[in-house]
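Peer 1: So the chains spell out like this:
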Amino acid sequence: METTHAGHAGMGPKLYYLTWVWLLTLTAIEVTLAYFHLPVGLMLFLLMGLSIVKAALIMAHFMHLRFERLSLVVTLIPAMVLCIALLAVFFPDGVRAFRLAVR
Amino acid sequence: MAEHIERLRFAEWEGGVSPFAVGSKKLGMWLFIVSDSLTFSGLLVGYSYVRIASERWPMPFEFWPTTVMATLMTFCLLSSSLTMALAVRASSLGDRSRTVRFILLTMLGGILFILLHAKEWAGLIAEGVRMWENPWGVPLFGASFFTLTGLHMLHVASGVIYLGVIALGVSRGRFTHEDVEISGLYWHFVDLVWMFIFPLVYLLSVKMP
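If you read the sequences in order, they're chains Y and B.
To convert, count from 1 in the first sequence and add 371; that's the working numbering.
To convert, count from 1 in the second sequence and add 8; that's the working numbering.
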């Protein structure tokens with residue numbers, strides 16, 4: 372995990388091109404998927420799953436997080452993911468109006 | 009004593025000289041990215057909230073032009089991320105002219121994104137979509153759409169200016185490799201945010217044929 376500026380192992384242009392091709396492929400899958408008649412929950416699950424994979428690819432390879440020291444990664448990422456997950460606490464309130472007898 | 013200091017230097021959790029092994033500027037950019045991703049998450053969650061709280065959320069996006077344009081915009085951003093990564097690599101090898109060329113290509117990707125996005129906004133505005141009303145009902149559709157994509161476009165636009173400043177500085181030999189790398193982090197983050205806006209705002213609102 373030690374970093375120096377020049378030459379991380381496996382950080383050549385090939386890795387960048389490969390990452391780019393994967394990101395484009397996943398995008399193409401997402402666009403195709405959008406035109407399938409799927410239940411909205413499943414669609415959301417699949418699209419978000421693919422997007423999280425894409426985000427991870429960008430962070431790991433383009434933003435070099437895979438080659439940074441582990442302490443930086445575990446300081447930044449889990450807290451951020453937890454904060455974002457906590458925002459989901461609002462969603463049950465979003466459907467509350469539908470459960471009321473009078474709209 | 010010297011051995012103790014050496015051990016601390018490389019220890020991950022016991023403090024030491026540089027516990028994260030990154031410079032203060034780079035750590036600063038990472039902290040900004042974390043806070044900015046929370047801003048975008050807040051907006052995306054707000055959008056999702058009003059969407060599930062509405063009975064019939066509009067799904068007006070036609071395959072042509074909207075989906076095709078948005079996919080092209082995604083292509084521009086992803087490709088500009090590739091050229092940015094190549095710019096950072098060129099700068100780590102000390103190749104200044106290649107660094108500047110790749111940064112200019114990255115800026116081109118960003119500018120294309122903004123132009124395509126502006127054209128798409130103009131199309132929607134011509135159809136009667138506003139912040140407070142639209143032809144398909146639920147007024148919050150326009151508010152959430154323009155706020156989310158607008159804030160993202162603002163990030164792309166400021167990123168293009170930021171990269172312009174960096175390119176100018178690199179060509180004059182004023183900026184170090186770390187400065188290029190930090191601007192790259194910002195640019196990749198802008199790309200990363202789009203990876204969530206694109207499916208949530210566009211792909212989940214396409215008009216089924």
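It is possible that part of the hints are untrue.
Just a few of them, taken from the derived set where beta-carbon distance is under 7 Å, the chain B residues facing chain Y [what the hints assert, rightly or not]:
hint, residue
1, 48
2, 49
3, 211
To spell it out: a stretch of chain B is covered by chain Y in this simulated footprint if at least three of its residues, at any positions, have a beta carbon under 8 Å from a beta carbon of chain Y; those stretches are [claimed, not checked]:
hint, stretch
4, 26-38
5, 122-130
6, 144-150
7, 160-173
What the hints contain is simulated information worked out from the structure, not anything from laboratory work.
Quick reminder that beta carbons are idealized off the backbone N, C-alpha and C, glycines included.
Peer 1: Run the structure past the numbered hints and jot down the numbers of the failing ones, going up.
Peer 2: 1, 5, 6, 7
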